[in-house]
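**Q** This is what each chain is made of:
Number of protein chains: 2
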Amino acid sequence: MSKIYVVGIGPGSYEQMTGRAVQALQCSDAIIGYTVYVDLVKEHFPGKEFLTTGMKKEVERCTLAFEEARKGKNVSMICSGDAGVYGMSGLMYEVGVNYPDIELEIIPGVTAATGGAAVLGAPLIHDFCLISLSDLLTPWEKIEARLLGASKADFVICLYNPSSKKRHDYLKKACDLMMTYKSPETVCGIVGNIAREGEISRVMTLQELRDTQVDMFTTVFIGNSQTKSIGGKMVTPRGYRNV
Amino acid sequence: MSKIYVVGIGPGSYEQMTGRAVQALQCSDAIIGYTVYVDLVKEHFPGKEFLTTGMKKEVERCTLAFEEARKGKNVSMICSGDAGVYGMSGLMYEVGVNYPDIELEIIPGVTAATGGAAVLGAPLIHDFCLISLSDLLTPWEKIEARLLGASKADFVICLYNPSSKKRHDYLKKACDLMMTYKSPETVCGIVGNIAREGEISRVMTLQELRDTQVDMFTTVFIGNSQTKSIGGKMVTPRGYRNV
Numbered sequence: 005m006s007k008i009y010v011v012g013i014g015p016g017s018y019e020q021m022t023g024r025a026v027q028a029l030q031c032s033d034a035i036i037g038y039t040v041y042v043d044l045v046k047e048h049f050p051g052k053e054f055l056t057t058g059m060k061k062e063v064e065r066c067t068l069a070f071e072e073a074r075k076g077k078n079v080s081m082i083c084s085g086d087a088g089v090y091g092m093s094g095l096m097y098e099v100g101v102n103y104p105d106i107e108l109e110i111i112p113g114v115t116a117a118t119g120g121a122a123v124l125g126a127p128l129i130h131d132f133c134l135i136s137l138s139d140l141l142t143p144w145e146k147i148e149a150r151l152l153g154a155s156k157a158d159f160v161i162c163l164y165n166p167s168s169k170k171r172h173d174y175l176k177k178a179c180d181l182m183m184t185y186k187s188p189e190t191v192c193g194i195v196g197n198i199a200r201e202g203e204i205s206r207v208m209t210l211q212e213l214r215d216t217q218v219d220m221f222t223t224v225f226i227g228n229s230q231t232k233s234i235g236g237k238m239v240t241p242r243g244y245r246n247v
Numbered sequence: 005m006s007k008i009y010v011v012g013i014g015p016g017s018y019e020q021m022t023g024r025a026v027q028a029l030q031c032s033d034a035i036i037g038y039t040v041y042v043d044l045v046k047e048h049f050p051g052k053e054f055l056t057t058g059m060k061k062e063v064e065r066c067t068l069a070f071e072e073a074r075k076g077k078n079v080s081m082i083c084s085g086d087a088g089v090y091g092m093s094g095l096m097y098e099v100g101v102n103y104p105d106i107e108l109e110i111i112p113g114v115t116a117a118t119g120g121a122a123v124l125g126a127p128l129i130h131d132f133c134l135i136s137l138s139d140l141l142t143p144w145e146k147i148e149a150r151l152l153g154a155s156k157a158d159f160v161i162c163l164y165n166p167s168s169k170k171r172h173d174y175l176k177k178a179c180d181l182m183m184t185y186k187s188p189e190t191v192c193g194i195v196g197n198i199a200r201e202g203e204i205s206r207v208m209t210l211q212e213l214r215d216t217q218v219d220m221f222t223t224v225f226i227g228n229s230q231t232k233s234i235g236g237k238m239v240t241p242r243g244y245r246n247v
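The listed protein sequences derive, respectively, from chains A and B. The numbering of the first sequence is the numbering used here, which starts it at 5 and goes up by one. The numbering of the second sequence is the numbering used here, which starts it at 5 and goes up by one.
Worth flagging that the hints you see were computed from the coordinates, not collected in a lab. Be a bit skeptical, because a hint or two may be false.
Among chain A residues calculated to face chain B with C-beta under 8 Å, some are [what the hints assert, rightly or not]:
hint: 1; residue: V89
hint: 2; residue: K156
hint: 3; residue: H172
Just so it is clear, CB atoms sit at the ideal spot from N, CA and C, and this is done for glycine as well.
Please model the complete structure; the sequences and the hints are all you need to start from.
**A** Written out as structure tokens, the structure is:
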């Protein structure tokens, strides 16, 4: 029986892949992914067949993976970060209902939240939420309720997809909502192009974040009430009592 | 100048480490960690000096790392999962204030949330929260507010430290709180000993989870209103509109 590995390749560079992810790609005949991610790994896996589809063609990409596996190939479907965090593993199970003879194995990776956190310092040490600001498949009212609920309960918040051409003011809207419960002085951070060429990071206040323009390759971190800046790093303590 | 790497070794097995984590340990003179984690990596890094401290000796462990680095050694401080998720990287920055001449580099890893998610299927595809049920350093009222806020806003919830000898009924209390807003039929999952010997996983309802006894090596997942069970796997769709 042929097999499909759904593989999180980590935030960018080859050295951020796990050994298990490397092994899966090595024992695959075909490697499938969004063009940008295939380009990131291509040089490290010579002799493999690489298949790509465009950014919004996720269902087609899943079907392609199952059709290639049905031909008897071992296939890796690759995602940046972790395949299970806003990634392809869920859709692979949904499309896989039509291919009951093909086995799926999910291989976890370093997601942008923890990859970016490592660049900024230690922002995610305590309870945190991941929220995507993309309203393509989620009603904005739902996103708004989550921003408010997470802020009220003093979670550290990590935002994925904070901006796009059509959504250039969403981060500003999100900051205004979070400031209902979080102080404008809350320590925040942004990381762009994590573990890739052009990696940038910056620590700032929530008020400053509100007026910062970020792009779609940026991950945004908003601290809890205890988060502090230590030597330019963003650090959340382990709890609410003294160490 | 000597350097300390704070390294997430992933959920257990050597093959879940990233290439960057392996490199850091290889170029370290001393590797420091909680006994259990040192035992997990020891055989793969022959010739290194291994130093351990007990479970609750975190501040001592950090000080030990800085003191060893001050002697001119390169040091790796290892944590299971990701060092920045309920891990040691925050405390290393706090203790590091006393050692301004020593540089810290944080190396991310696969945390139990995404490692466990891969075993269960794809529970974390959409917005999610991590909440630790340990009230050692966090008042229970704060944990309670987070369980309620996250449930009300329909987040997928991943629970760390769901149980211990002293806190044997905390998961039951947490489930009762989450059922204020989440249906008892909500799809849930548990994973124990992720990527280690004796790995187990089970998908069940929130009502069943309430009456399940778990141990401290278990990570618990509670779905959102859209999470479903597909062929025994726990799968959260990408959004609230049809694919």
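**Q** Hold the hint about A/K156 up to the distance rule: shortest CB distance to chain B must be less than 8 Å.
**A** A/K156 check passes; min Cβ-Cβ to chain B is 6 Å, inside 8 Å.
**Q** Given A/H172 as an interface hint, is its Cβ closer than 8 Å to any Cβ of chain B?
**A** violated (21 Å)
**Q** Does A/V89 pass the interface check with chain B, least Cβ-Cβ distance below 8 Å?
**A** holds (6 Å)
Hint compliance for this structure: hint 3 alone is broken.
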